[in-house]
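Chemist: Here's the letter readout for the chains.
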Amino acid sequence: MSAGTRKIDVIVTDVVPVNELVKRFHFQRTDGQLLPTFSGGAHVVVEMRDDDRTRLNPYSLMSSPLDTRDYTISVRRDDTGRGGSLFMHQRVNPGMRMVISSPVNLFSLDLRARKHLMIAGGIGITPFMAQTSQLAGDAGNFELHYTCRTETLATYADVLKGRYGRRIHLYRDDQGERLPLEQLLASQPLGTHLYICGPAGMIEWVRRTAAEAGWPDDTVHFEHFAAPQPGKPFDVTLAISGKQIRVSEQQSLLEAIEAAGIDPPYLCRGGVCGQCETKVISYDGNFLHNDHWLSEEEHQSGRKIMPCVSRFEGKSLVLER
Amino acid sequence: MGINFRKETFRDDFSFRNSPEQIRRFPFPFHEDSYMYAVNIEPHTPGPKNTVFEHLIDVDEHYISEMEDRALVLAEDPLRCQSLPHMTLAGWDLLELLMTQKAESYPEHFSLTRDGDNWHWINRPLGIDDRFTFGDVSTLPYGPMAYITRQSQGDFCVLDQRDGNLWMDAGIVTTQADWSLDFDIGMNFFEWHAPVPLAHDMGIFNRALKFLTNIQQGQPARRFNWTMTINPRLDTSPENYHKWGVDRTTVTPENVGQKVHLRVELQTFWRLPRSNALVFPIRCYLIKMDELVTSPKWARRFHRVLRDLPNELAEYKGLTRYRQTVVEWLSQYDDGAPTSSGFGPD
Amino acid sequence: MTAKTILSRPVYGTLSPQPGRNHLFVADAEGAAAILDMAKATPEGFFADAHIMFVPDDTGTNYVEAVKSLQPARFYQGPTIAAALPRLRQTLATAHMGLRIYLAGSEGLIGQAMQAAMEAGFDPSSIQTEHRGSLARRVQCVHCKGITENVTTQPVTCSHCGLLLLVRDHYSRRLAAFQGVCINAEDPTESPQAEEIFR
Numbered sequence: 001m002s003a004g005t006r007k008i009d010v011i012v013t014d015v016v017p018v019n020e021l022v023k024r025f026h027f028q029r030t031d032g033q034l035l036p037t038f039s040g041g042a043h044v045v046v047e048m049r050d051d052d053r054t055r056l057n058p059y060s061l062m063s064s065p066l067d068t069r070d071y072t073i074s075v076r077r078d079d080t081g082r083g084g085s086l087f088m089h090q091r092v093n094p095g096m097r098m099v100i101s102s103p104v105n106l107f108s109l110d111l112r113a114r115k116h117l118m119i120a121g122g123i124g125i126t127p128f129m130a131q132t133s134q135l136a137g138d139a140g141n142f143e144l145h146y147t148c149r150t151e152t153l154a155t156y157a158d159v160l161k162g163r164y165g166r167r168i169h170l171y172r173d174d175q176g177e178r179l180p181l182e183q184l185l186a187s188q189p190l191g192t193h194l195y196i197c198g199p200a201g202m203i204e205w206v207r208r209t210a211a212e213a214g215w216p217d218d219t220v221h222f223e224h225f226a227a228p229q230p231g232k233p234f235d236v237t238l239a240i241s242g243k244q245i246r247v248s249e250q251q252s253l254l255e256a257i258e259a260a261g262i263d264p265p266y267l268c269r270g271g272v273c274g275q276c277e278t279k280v281i282s283y284d285g286n287f288l289h290n291d292h293w294l295s296e297e298e299h300q301s302g303r304k305i306m307p308c309v310s311r312f313e314g315k316s317l318v319l320e321r
Numbered sequence: 001m002g003i004n005f006r007k008e009t010f011r012d013d014f015s016f017r018n019s020p021e022q023i024r025r026f027p028f029p030f031h032e033d034s035y036m037y038a039v040n041i042e043p044h045t046p047g048p049k050n051t052v053f054e055h056l057i058d059v060d061e062h063y064i065s066e067m068e069d070r071a072l073v074l075a076e077d078p079l080r081c082q083s084l085p086h087m088t089l090a091g092w093d094l095l096e097l098l099m100t101q102k103a104e105s106y107p108e109h110f111s112l113t114r115d116g117d118n119w120h121w122i123n124r125p126l127g128i129d130d131r132f133t134f135g136d137v138s139t140l141p142y143g144p145m146a147y148i149t150r151q152s153q154g155d156f157c158v159l160d161q162r163d164g165n166l167w168m169d170a171g172i173v174t175t176q177a178d179w180s181l182d183f184d185i186g187m188n189f190f191e192w193h194a195p196v197p198l199a200h201d202m203g204i205f206n207r208a209l210k211f212l213t214n215i216q217q218g219q220p221a222r223r224f225n226w227t228m229t230i231n232p233r234l235d236t237s238p239e240n241y242h243k244w245g246v247d248r249t250t251v252t253p254e255n256v257g258q259k260v261h262l263r264v265e266l267q268t269f270w271r272l273p274r275s276n277a278l279v280f281p282i283r284c285y286l287i288k289m290d291e292l293v294t295s296p297k298w299a300r301r302f303h304r305v306l307r308d309l310p311n312e313l314a315e316y317k318g319l320t321r322y323r324q325t326v327v328e329w330l331s332q333y334d335d336g337a338p339t340s341s342g343f344g345p346d
Numbered sequence: 001m002t003a004k005t006i007l008s009r010p011v012y013g014t015l016s017p018q019p020g021r022n023h024l025f026v027a028d029a030e031g032a033a034a035i036l037d038m039a040k041a042t043p044e045g046f047f048a049d050a051h052i053m054f055v056p057d058d059t060g061t062n063y064v065e066a067v068k069s070l071q072p073a074r075f076y077q078g079p080t081i082a083a084a085l086p087r088l089r090q091t092l093a094t095a096h097m098g099l100r101i102y103l104a105g106s107e108g109l110i111g112q113a114m115q116a117a118m119e120a121g122f123d124p125s126s127i128q129t130e131h132r133g134s135l136a137r138r139v140q141c142v143h144c145k146g147i148t149e150n151v152t153t154q155p156v157t158c159s160h161c162g163l164l165l166l167v168r169d170h171y172s173r174r175l176a177a178f179q180g181v182c183i184n185a186e187d188p189t190e191s192p193q194a195e196e197i198f199r
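Residue numbers (full-length UniProt numbering), protein chains in the order written: chain S, 1 to 321; chain G, 1 to 346; chain F, 1 to 199.
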C-alpha cells in the first residue's frame, strides 16, 4: 500500500522567459500521447538530474486542465535557495528529456462554493491560472486578487486581465496599492470559499484576518509548499536498512535517504501531504521542523520528522527507515 | 470472442443462474477458513484471464439482464440515483472512465470515438449509439453519471474529497446490500459507515480513509466485502425491505442449494481527474449454494467461515434467521480436510 | 444529555461566542436558556450585531422577555418551526460571510435550521449547536420517504404509509431526520409494544 505517483517521461518543448525572475516551461509526453487530465490546483514533481545528484521539486500546473496536450509550469528564480530553480533557469532547454510525476492535487477547489475568492501573491499565481481556466470553462463564479511587487513582476496579470477582465484585481506594491482585505472579506456572499497561495507571511495574514472576520476554517484553503531549506550538514543512522548517511548542506534529508537507495513514499515534497512522515528512534540534538503536516505537539515530542523539508542539528539521529 | 449474454431475471421467477464458466471465475472472497474485518485493500491491477480481474471494469454474462433490472428499479424509485449539484463534473469524469475502459477491454461490444469534445459512443449489447458533446449535459438523455451507470453493472458511489474526509455526494444504488443512498447521500466516510459494528473500535475506518484519500490517478485499488441473499435478488434495498425481508424466513434444508446465495461485492476505488473526486464502484456477484459447492474447497471453507462468524457480524449482515440451516446443509460438504491457502478453487 | 451511540448521530455542544461580524440565533423552547447561559460570557455589545429567532413552543414562553432583554439588533418570535423556516431561509440568502450561526433547543429545530444553513452554503461543522429540552425525533420512513414529526416511541407507526418502524440512531443531516426501518418485515405477525423512550 505504498503511496506515490507514476512517473511520466516528457520532453521540454518550450522555455519562455516571462520577466526578469520567471521562466515558463512546456512539457509534452515523449511518446506523443496526451498527458493525464488534472484538476485545477494540482502539482507535479519535477526530477532534476544535476550531474551526480537528483532534486525533486513540486510545481503547480498552470495550463488549462481542459487541454492536456502539454503541461506548463512557471519557475521563479531563487538565487539563495538550494539550486532547484537555478537548475531550471540555467540548465533546462527545449528538446531536453525530463521525468515528472503524475499530477497530485492538494489544493483542490471546493466545488460546493457559491463563489470562489482567490488571493495570490507573486509566483503564487500559478495554481490559480489552472483553477480559473477550469472554473471559466464551467461558468464558475470567481474573483482573483493579485498582489505583486511591481507591474513587471505581475506575472501573467496581462493574460488574466485579457481573459477575465474585471474579475481580476491587481495590487502593485511600488505604486502603494494595497489589498483591502478586511473590506473584501466583509462583502462576500454566504457560501464563498477563500483560496490563498503566496509567501508564508501573506498566507498567515489572510488566514488570521479571515478567522477574525468569522470565516469558518472549512471555507479557507491555502497552498504553501515549504521549499526545503539549505543548512548545516548532519549525519543520520537509518535503523531498518542499517545505513549511515550524511545530509549535505544543499540536500534535503529525503533526498539523502533516496540517494542511499531507499524510497520512502512522497507526494508533495513540500511538508504538506504527510506521506514521508518518518519515526525517530533516538536523537541527541535539535530538530529544525519546517513542515505544515505534524502538529506542534508532534514537533515537540521528538518522535517524528518530515524528511522532505525538515533538518537536524546535533550529535546523533536514528530514524526508522 | 464475445460474451454470451444470458436472458434472466432477478425478481419474480428468479431465473438467474451462473454458467459453469462463470462459476469458475466467481470472486470467492475468503483466503482462509475464517473471516474478520481487515483493511484488505490492494492495488487494482489487471489479473489472469478468466477471472473477474482480467479487465479493470468487468463485464460478464449477466450484463444485459442486470441493466434491465436497474431500469426497473429506477422507474419505481428515482431516488436511487442522485447527485448533489457540485458533483456534475465528477459525473463526466466517471463517464470518461467507464467508456474508455469498456471500449478498450471489450472492443467487440463497445466503441468510443473522440474528436475533441465531440464523442460517439456505441454500446452494442444494449443497442445504444449516441453522439454527444463532452461536458454539455443537454446533449445526453440523463446526467452524465446516470447515463453511463445505466450501462454499467454494479452500484457507484461518487465521493467528494474535502477537509481530509470523503463525502458521499452522488451515486446510483440499485443492487445494494441493505443501505439507502437517499438517506446516506451527503454523509462523510465515518457517518455512512456508522451502522457497521466492531470495525470502528478496531480503527479500520481511520486507516482505510487515510489510504483512500491518498489514492492517485491511474492507480486504483480494490477490496472485497460479502453478505448473503435469499433468492438471486439484486435489489435488496432498505426501501423494499418490507417486501423482501420475509424471504429470510423461507429457507429450509431442502431449498438451501437453490435459494441461498453468497453475495460478493468487489469494491474498487479510483481517483477522478477533473473533479479530484473518488469513485467507488461496488460490483455485486451472486452464486447459489448449489453452484458454490461444485468447488470442494469453497464448500469446506465457506462452511467454516459461516459457522464461526461472530454473532454481531451475522446480525449486521442479516443472516441470523437462516444461518444455522445453511451451516448444517454445508456441513455435508465438509469432511474436515485442510484447505489450501488462497482464493481459487483447487 | 444525549448518550453517544453511533458516528452518524449528531453530537451537540455548548454554545460559545465565535469571532464574526453578525450572529444569528435560532432556538425553540428550552433552547432559549442556552442563549441566556451563553450571554453571561459574551463580550460587551455582542448582541448589537445579533438576530434572534425564537419559537417558544409550549415550554418556552417564560423565556421571551429575558431573551428580548439581551437587546439583539433583531428579534423574531414564531409560532412553529415550520412557520419560522421561510424567514430563516430569506435571512441566509441575503447574508454575507462573517455570519455565525447558533442553534439551540430540540433536535428537530437544530436539524431543520441546519438543513436551511447547509442549503445556503454553510458547512455544518462551523455551526454552534446545543441540545436542550425534548428528545423527540424526526423520522424518515426509508420505505415511503415520508417524515414523521415528534416521534417519542420505539417502534413508531409511520404517519404516511402506516408501516411499523424501528427508529435507528442513524441520522441524515441532509434530511434532518433519523432513519425508520420496518421492524417486522421478516415476520409481519410480530408486533412489538411501543415504548416511550425519546422524551
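If you're looking for bench data, these hints aren't it; they were derived computationally from the structure.
Note that the structure is a prediction, hence the values are computed from the model and not measured.
One or more hints might be untrue.
[Claimed, not checked] Derived lysine-lysine pairs resembling DSS-like cross-links, with alpha carbons at most 30 Å apart: (1) S:Lys279 / G:Lys210; (2) S:Lys7 / G:Lys49; (3) S:Lys304 / G:Lys243; (4) G:Lys297 / S:Lys7; (5) G:Lys243 / F:Lys68; (6) F:Lys145 / G:Lys317; (7) S:Lys279 / S:Lys304.
[Stated by the list, open to error] Computed from the model, here is a short list of chain S residues facing chain F with C-beta under 8 Å: (8) Leu106; (9) Arg112; (10) Glu143; (11) Gln188; (12) Ala213; (13) Asp218; (14) Gly285; (15) Phe287.
Virtual Cβ for every residue (Gly too), placed ideally from N, Cα, C.
Chemist: Against chain F, with CB atoms and a cut of 8 Å, does the hint on Leu106 (chain S) hold up?
Modeler: With Cβ-Cβ at 19 Å, over 8 Å, it is violated.
Chemist: Would the pair Lys279 (chain S) and Lys304 (chain S) pass a check requiring their Cα atoms to be no farther apart than 30 Å?
Modeler: holds, 5 Å
Chemist: Is the interface hint for Glu143 (chain S) satisfied, with its Cβ closer than 8 Å to some Cβ of chain F?
Modeler: violated, 13 Å
Chemist: Using 8 Å as the Cβ threshold, decide whether Asp218 (chain S) counts as touching chain F.
Modeler: Because about 4 Å separates Asp218 (chain S) from the closest Cβ in chain F, which is inside the 8 Å limit, the hint holds.
Chemist: Lys7 (chain S) and Lys49 (chain G): Cα distance at most 30 Å?
Modeler: holds, 27 Å
Chemist: Does the nearest C-beta of chain F fall within a distance shorter than 8 Å of the C-beta of Gln188 (chain S)?
Modeler: With Cβ-Cβ at 4 Å, under 8 Å, it holds.
Chemist: Would the stated hint for Ala213 (chain S) survive a check requiring a Cβ distance to chain F of less than 8 Å?
Modeler: holds, 5 Å
Chemist: Take a quick look at whether Lys304 (chain S) and Lys243 (chain G) sit within 30 Å of each other, Cα to Cα.
Modeler: violated, 55 Å
Chemist: Hint validation: Arg112 (chain S) versus chain F, beta carbon distance must be below 8 Å. Holds or violated?
Modeler: holds, 7 Å
Chemist: What's the verdict on Lys279 (chain S) and Lys210 (chain G), does the C-alpha distance respect the 30 Å limit or exceed it?
Modeler: holds, 18 Å
Chemist: Next pair to validate is Lys145 (chain F) with Lys317 (chain G); report whether the Cα-Cα distance is within 30 Å.
Modeler: Judged against 30 Å, a Cα distance of about 23 Å means the pair holds.
Chemist: Holds or violated: are the alpha carbons of Lys297 (chain G) and Lys7 (chain S) at most 30 Å from each other?
Modeler: violated, 42 Å
Checked against the numbered hints given earlier, the structure breaks hints 3, 4, 5, 8, 10, 14, 15 and satisfies all the rest.
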